[in-house]
Structures are given as structure tokens and as C-alpha cells.
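Novice: Each chain, letter by letter, is given below.
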Amino acid sequence: MKHSPSSEVSAVSARRVRALLLAYGADPARWPPAERVAAQRVLEQWPELQALAEREATLDAVLDEDRVAGDVVMDEAALLRCLPAPQSTVPLRMVVVGSPGRPRSDAGWRWAAPALAAAISLGIGMGWWLPQTADATVAVAVNDVEDVIEYAQIDAEYEEFLP
Amino acid sequence: MSIEVISRMSQPLADAHVDDPDLALLRAAGLGDQSAALQLVRTHAPALQRLAWRMLGDEHEAQDVVQESCLRLWRVAGEWRPGEARISTWLHTVAMNLSRDRLRRRRETYPVESFEWLAGEDSPEQDMERDRRSARVQQALTQLPERQREALILSHFEGYSQSEAATVLGVSVEALESLLSRARRSLRQRWLIGENES
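In the order they appear, the protein sequences are chains X and C.
Residue numbers for the first sequence follow the numbering used here, so the first one is 1 and each next one is one higher.
Residue numbers for the second sequence follow the numbering used here, so the first one is 1001 and each next one is one higher.
Source of the hints: derived by calculation from the structure; they are not laboratory data.
In this text, a Cβ means the ideal position worked out from N, Cα and C, and glycines have one as well.
Keep in mind that the hints are not guaranteed to be accurate.
Stated by the list, open to error - Interface residues of chain X toward chain C, partial, derived using beta-carbon atoms under 10 angstroms:
hint, residue
1, 62
2, 76
3, 80
4, 126
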């Protein structure tokens, strides 16, 4: 700074105002609130700082040509996708089998759907499996009779079985 | 969450307040209240998206960053400790770090020099010039050193207070001012502003 308009204090403040201009630009609204009023007073006293402020205002104007701020359109569907999953309001002990909590009259209904599904599956499985089992049983029975006849033919004590 | 974010979040924060206006909403969201969560997201998502968009130069990537930031918030909602960080500051820190991670991955794929802003290609004629100037600013931002760019985005474009911006960046206010001064000097030199002045 070439000259000091008022005092030593204002000279120190002038350095600080210069630092504020270089860091935050010419708009006092961007300066730290605690220093804003005092810095503006100092700025009014220093023509060199005013010239610096003009230069920084030019840079601010160029920066403010950025349109991103005005163009942001939020994707509402994307916002909804990132919401947390709602949590169950039923305490955990209520759904744990064998928990020591007080029994609830409707606790058994929780198993109704799985039990029904299991019963249907079992029924379909038995229906598929049983006829094959019956055929196999008959086949085994027939084989057994033939074996007995065969053994009878070998063993004379079973003559009654001879044809 | 990255180690960097965790280490920053564990530090005492200068702007931490127990009376965080978002705290009640976060608590409700942590219990599964989707309307509270949506209100939180609607409040902060636009600023997060601007931040990520300016960092990454890509709107869709910025949306992904917003979503990921919010998902991380829901994960910690139940364990949130009031007084350690403002929720908005925390969200911006996470979004900043996610953007950094994406930039690093992008640099591994192709160099920064090949990254170009494509603005105004399909705009009406009257918007072409504005788009061109906007693209010029955005391209200049991408070519600043990372920390300088982050400081400028938070302080100049997002209007963060000095302490908030310093907190998000994990630096002192003095260091923030140094980053800002260097960023602005680079831009002045780039655009030849005040070149004929002493």
C-alpha cells in the first residue's frame, strides 16, 4: 500500500481486506460476517483496495456465468429410490419362536400361510410319488411269489406249491 | 464409507450444533419414516447435486452421488450422534468424497485433458452464448487443482460459511483462504483479468 489514510490499525485492516478480496471476491456478502462491516469501512478509505475490488468483481461476474446452479432439476424418482426402507413396528420378540414374551392370541396365524404352502407341496409330492410306490410294491409282491414257487420246486417239503 | 470420510467425521467439527434443524427429521427417517426422509432429501439434494455436478461435470453421475450420499445417511441415521457434525455438512463431505473417488477412477480411465464440457449443443440459439460462457467456467474449474476447485465450489458457488467449507475440506479457515486465493489467481491468469495492473 502506498499510503495510509488513517491509522496503524487501518493499515493492518487494509492488508486483511486485501486478503478478503483475493480469497472471497468483491461481494462483501461472501466475507466472514464478523469482519464484514469493518472491512467495508476500510475499503471505502483505500482507492487501491477499490481498484482491487473492481478487478475481483470482474472475476466474480465471469464465475457467475456458470449455469449449473440454475439448471439443476432433481429426479424425483431417483429421490424416492434412495429413501430408507420402512421398519417394522412389531418388536422382535413377538416374531421369535419360543421367545419368553407374553403369548399372543394371534401368534399362530403368522404360520398359517407357510403351513398351507407346506401342506399343498406335500400333497402334490405324495400324489406324484404314491402311484409309483404302489406299482413297485405289486412288482415286488409278484417277484416274491415267483421266488417262493421256485424255492418250492427245489425243496421237496413244499410239494403243495408244485404246479 | 471411505477411510478418509470416517477419519474426518470422527474429528470434532467447528460448526457442530446440537440444535441441528435436520436432527428430528433424521431420527424419524432412521425409524423408517419415509416422509421425513423425503423432506430431508428434498432439502439437501439440490445443493448436493450442484456440488457433484460441478466436481464431475456430469449430471447423471451427480445424481448417483446424491443417491449414494443419502443411502449412507440412512445407514448411520440410527447411530447419529448430535453435536459431532451438522447433517448438511456431513452430507456435503460424503458427496465431496464420493465425487473425488469418481474423479480418481475417471483419471485412471482417461486423462483429464480429454474431458470436455459439452454444453449448448442442442440449446435454442439465444441460449448458445450463455451455454458457451457457462461451459468455459466449468471447464476452467475442472482444470484447477482438486483442493482449489473444491474450495471455490463450496465457498463461491454454494455459499458455504468459512467454517463450514473448511470443515468439509478438513482444513483450517486460513488454509481455506489460501486455497481460494490461489484458485482465483489461476482463473484471473487464465482469463487475463487484471493482467495490465500491477
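Novice: All hints, please: hold or fail.
Specialist: Verification of the hints:
Given hint, residue 62(X) at the interface with chain C, holds; its Cβ is 6 angstroms from that chain's nearest Cβ, closer than 10 angstroms. Using the Cβ-Cβ criterion of 10 angstroms, the hint placing residue 76(X) at the interface with chain C is satisfied: the shortest such distance is roughly 9 angstroms. This hint holds: residue 80(X) has a C-beta 7 angstroms from the nearest C-beta of chain C, less than the 10 angstroms allowed. This hint is violated: residue 126(X) has a C-beta 43 angstroms from the nearest C-beta of chain C, more than the 10 angstroms allowed.
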